[in-house]
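Could you build all of it, start to finish, from the sequences and the hints given here?
Residue-level listing of the chains:
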Amino acid sequence: MEVVLAFVIGGLYAAGLFMMMRRSMVKVIMGLALLGYASNLLIFTVGRLTRGSSPLIPADAAQPAAPFADPLPQALILTAIVIGFGVQAFALVLFKRTYQSVGTDDLDSIRATEKS
Amino acid sequence: MNGLLILPILIPLMTAIALVLAWNHRAIQRRISVAGALILFLAAIGLLTSVSSDGIAVVQIGDWPAPFGITLVADLFSAIMVTMTGLMGLAVAVYSLSSMDAPRESFGYYPLFHVLLMGVNGAFLTGDMFNLYVWFEVMLIASFVLMALGGERVQLEGAIKYVTINLVSSALFLTAIGILYSVAGTLNMADLAQRLNSGDVDPGMVTALSMMFLIAFGIKAAVFPLFFWLPASYHTPPVAVTAIFSGLLTKVGVYSLIRVFTLIFLRDVDYTHTLILVIAGFTMVTGVLGAVAQTGFRRLLSFHIVSQIGYLLMGLGLFTELALAGTVFFMVHVIIAKSALFLVSGAVYQIAGTYDLKKLGGLYKSHVGLSMMFLFPALSLAGIPPLSGFWAKLTLVRAGLETEEYAIVAVALGVSILTLFSMMKIWAEAFWKDRPESDEAASDGLPELRTSRAWLALVAPIIALGALTIVLGIAAEPFFVLARDAARQLLDPASYIQAVLGGTP
Chain A
1 MEVVLAFVIG GLYAAGLFMM MRRSMVKVIM GLALLGYASN LLIFTVGRLT RGSSPLIPAD
61 AAQPAAPFAD PLPQALILTA IVIGFGVQAF ALVLFKRTYQ SVGTDDLDSI RATEKS
Chain B
1001 MNGLLILPIL IPLMTAIALV LAWNHRAIQR RISVAGALIL FLAAIGLLTS VSSDGIAVVQ
1061 IGDWPAPFGI TLVADLFSAI MVTMTGLMGL AVAVYSLSSM DAPRESFGYY PLFHVLLMGV
1121 NGAFLTGDMF NLYVWFEVML IASFVLMALG GERVQLEGAI KYVTINLVSS ALFLTAIGIL
1181 YSVAGTLNMA DLAQRLNSGD VDPGMVTALS MMFLIAFGIK AAVFPLFFWL PASYHTPPVA
1241 VTAIFSGLLT KVGVYSLIRV FTLIFLRDVD YTHTLILVIA GFTMVTGVLG AVAQTGFRRL
1301 LSFHIVSQIG YLLMGLGLFT ELALAGTVFF MVHVIIAKSA LFLVSGAVYQ IAGTYDLKKL
1361 GGLYKSHVGL SMMFLFPALS LAGIPPLSGF WAKLTLVRAG LETEEYAIVA VALGVSILTL
1421 FSMMKIWAEA FWKDRPESDE AASDGLPELR TSRAWLALVA PIIALGALTI VLGIAAEPFF
1481 VLARDAARQL LDPASYIQAV LGGTP
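Protein chains in written order, with our numbering: chain A, 1 to 116; chain B, 1001 to 1505.
Please note that the accuracy of each hint is not assured.
[Claimed, not checked] Derived pair list, reagent style DSBU-like, types lysine-lysine, alpha-carbon separation capped at 35 Å: (1) Lys1161/B - Lys96/A; (2) Lys1359/B - Lys1161/B; (3) Lys1161/B - Lys27/A.
Quick caveat, the hints were computed from the structure, so don't treat them as lab data.
Keep in mind it's a predicted model, so treat the numbers as computed, not measured.
What follows is the structure in structure tokens.
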């Protein structure tokens, strides 16, 4: 399972970075989203995959039985997803506004900042 | 339970909430904003005095014991940084009163400003890696909106570059955190410091991780060769926003670098810190060369931010007590001097209606006071005695000589001369020469400076910051002692670990 996920994560990073290097703004946004997914999935995988044993403490015990899933990576991912959602939503609006005011999707033509 | 530690995060949050509640009342918003910034500054000074007398302060949020819950930690370095945030917050809040235009004020400039301060303070105070990521994002999202607020074309274009590169850096930071967790099984900084340096973790892995953090924080700190986003975006928003960005945002990146490379990644100091030293040298040189070539007031200053980051990293790369003391002192100095210069550039813009040095001129004749307000921070930045920059650079250079790193010392001194050259370029172009014949470009949409109160709000922060850089220079001793104590704490991770985790380290 880890091997499959490793390939998926690698593919996501590669695709994300490739999209970031395109000239189109829309593709950059998609690249950003893919990078976010890649790092979330990475945290999930490197936090050790444990199937079918939730970290719940039985009523009569002080700690859960031995092989239990680590809940922390999942909490981290949840936070990261929420943050990523907000940031991507903002980026979408920003890119749309820029498209409206510049009139092109081509990042190479964004040169107004080069003048003082 | 130390309440002072939570206040620097809580006060800006409360201020922002109060500001949002007063959304339609600009006059009330302005008062709340200044009052909130003032209270924050006082609380930060309270924190600094408490930390310098009682040692490292720690709060476990929700009373969860250390490696499990979120920990807030203030050592002397954090407390100094929080105080600087309070100072900058206050200065820029006052400055905004007469430099921010009405539309931006109505669309939430003040609440965003205080959310930004909250994010910065959170990043300075947290003792947990993932929590640091969250504070970074709080700070970033506020800065994104501040950067784009107003929606001018040049702002939007600058914001695209700024947002994209910062999101890449955040993704890298998050990836590094994930791998760090899998290697160490914890994200509490003190716990990490213990486990990664204990010997049962593969040192190669630790070094690889440290490089990921170096790149992630390096992008935010704008170090060579990752700084290109900064001069492309920092000159686009209103000058009050630029001033707070230059004073605080890149410094959070530097702070994070210093924190992780003095506390956590100490396995291969020869490799990592030498690399940092090399980066520092290149950052100084490329930054100042970029600055020399510029003809825009704010673009020139933006390149200087990059150059100064190099000095800050130089102290970290040398990694001795004196060098780190120099870095802390330089940090305080550069935040004050650089922001003062940006604020002056804004005042010049409001008088003359342009940032272009070729079109400016004759300001010494018409505004002697303002010229002096530029001259002192500018000379201080170049390192002319007895101003604060001199002592900061002297300390770094001496630390370099003591460790026999002559190359970086030579670079630092050479860059100082170029800094002086580019500052004199601004002086000669904007203040000294006669104003070239051209049609007067009126400053559009900005508040009128006719009333003396508006003028006072504009120059009072500049005078205060300028006076501070003189005071820091003439009475450097107490500040230097404070910086040395902070450096001593940074070089003694055991005391940090003990303060957070308790018991014997």
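Outcome of the hint check:
{"no.": "1", "hint": "Lys1161/B - Lys96/A", "result": "14 Å, holds"}
{"no.": "2", "hint": "Lys1359/B - Lys1161/B", "result": "28 Å, holds"}
{"no.": "3", "hint": "Lys1161/B - Lys27/A", "result": "14 Å, holds"}
This entry satisfies every hint, going by the numbered hints stated previously.
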